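Trainee: Spelled out from the first residue to the last, the chains are:
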Amino acid sequence: SQQGEEDPQALSIQEGENATMNCSYKTSINNLQWYRQNSGRGLVHLILIRSNEREKHSGRLRVTLDTSKKSSSLLITASRAADTASYFCATVDRDTGRRALTFGSGTRLQVQP
Amino acid sequence: KAGVTQTPRYLIKTRGQQVTLSCSPISGHRSVSWYQQTPGQGLQFLFEYFSETQRNKGNFPGRFSGRQFSNSRSEMNVSTLELGDSALYLCASTSSYNEQFFGPGTRLTVL
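Quick note, the sequences are listed as chains P and E, same order. The opening position of the first sequence corresponds to residue 5 in our numbering, with each subsequent residue numbered one higher. The opening position of the second sequence corresponds to residue 1149 in our numbering, with each subsequent residue numbered one higher.
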């Protein structure tokens, strides 16, 4: 079952613009990870943010985490056509002790050149 | 370091057959997890292996099984294939920082 929802489900922007994707989840978590997937291929790990962190940066990526609202956002700045992909958030449930990732439904990002 | 590798990349089977998929984790990673991705259900956790022991299991029927070898390589097996088993099967290995890195996946088509 899906942990939560991602918003929007699809996003189309022009190259150079910023893209923001949001993720909501349901349980208490140890960490939240963001992944990119190109056209049904494998998932590429983008960034991990721990439950005691509020913001993290990696290159053009900025991730925020609000555990009180059970939500996270991924910001891609100065987008490029190569950023076109589906983006997923995934969480590890703190209470079950399992390492299993529970994924959101994903956001399909289209960056127009 | 080499990434996670999965073989085969594509597979076509018919209903009732069985299939075995293979995954080699990143060197030094001892935990291997398997996920199924379908358009209808999205990404779902199958099971996790650590040091040759199944540590966690998702909500899949017993037709789905797996194992892990002493070199951390893992296999998953699906018996008595059904049409609904057509999916992308992804393997992930977990770092000491709990990041899960995925392989390219095996695309299984059941006819």
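Since the hints were made in silico from the structure, they are not lab data. In this text, all values refer to a predicted model and were calculated from it rather than measured experimentally. One or more hints might be untrue.
[Said to hold, decoys possible] If you only want the chain P side, here are some residues facing chain E, beta carbon under 8 Å, derived:
hint : residue
1    : K30
2    : S32
3    : N35
4    : F92
5    : A104
6    : F107
7    : S109
Here a beta-carbon is modelled for each residue, glycine too, at the ideal position from N, C-alpha and C.
Trainee: Less than 8 Å between beta-carbons is the criterion; does S109/P satisfy it with respect to chain E?
Mentor: Holds. Min distance 6 Å.
Trainee: With a cut-off of 8 Å on the beta carbons, see whether F92/P makes it to chain E.
Mentor: 7 Å, holds
Trainee: For the restraint on K30/P, tell me whether the closest CB of chain E is nearer than 8 Å.
Mentor: 15 Å, violated
Trainee: Using Cβ atoms only, decide whether F107/P comes closer than 8 Å to chain E, and label the hint accordingly.
Mentor: 4 Å, holds
Trainee: Just to be careful: measuring from the Cβ of N35/P to every Cβ in chain E, is the smallest value less than 8 Å?
Mentor: 6 Å, holds
Trainee: Verify the interface restraint on S32/P: the C-beta must sit less than 8 Å from at least one C-beta of chain E.
Mentor: 15 Å, violated
Trainee: Taking the least C-beta to C-beta distance, is A104/P closer than 8 Å to chain E?
Mentor: Given a least distance of 4 Å, the restraint on A104/P holds.
The structure is inconsistent with the numbered hints 1 and 2, although it conforms to all the rest.
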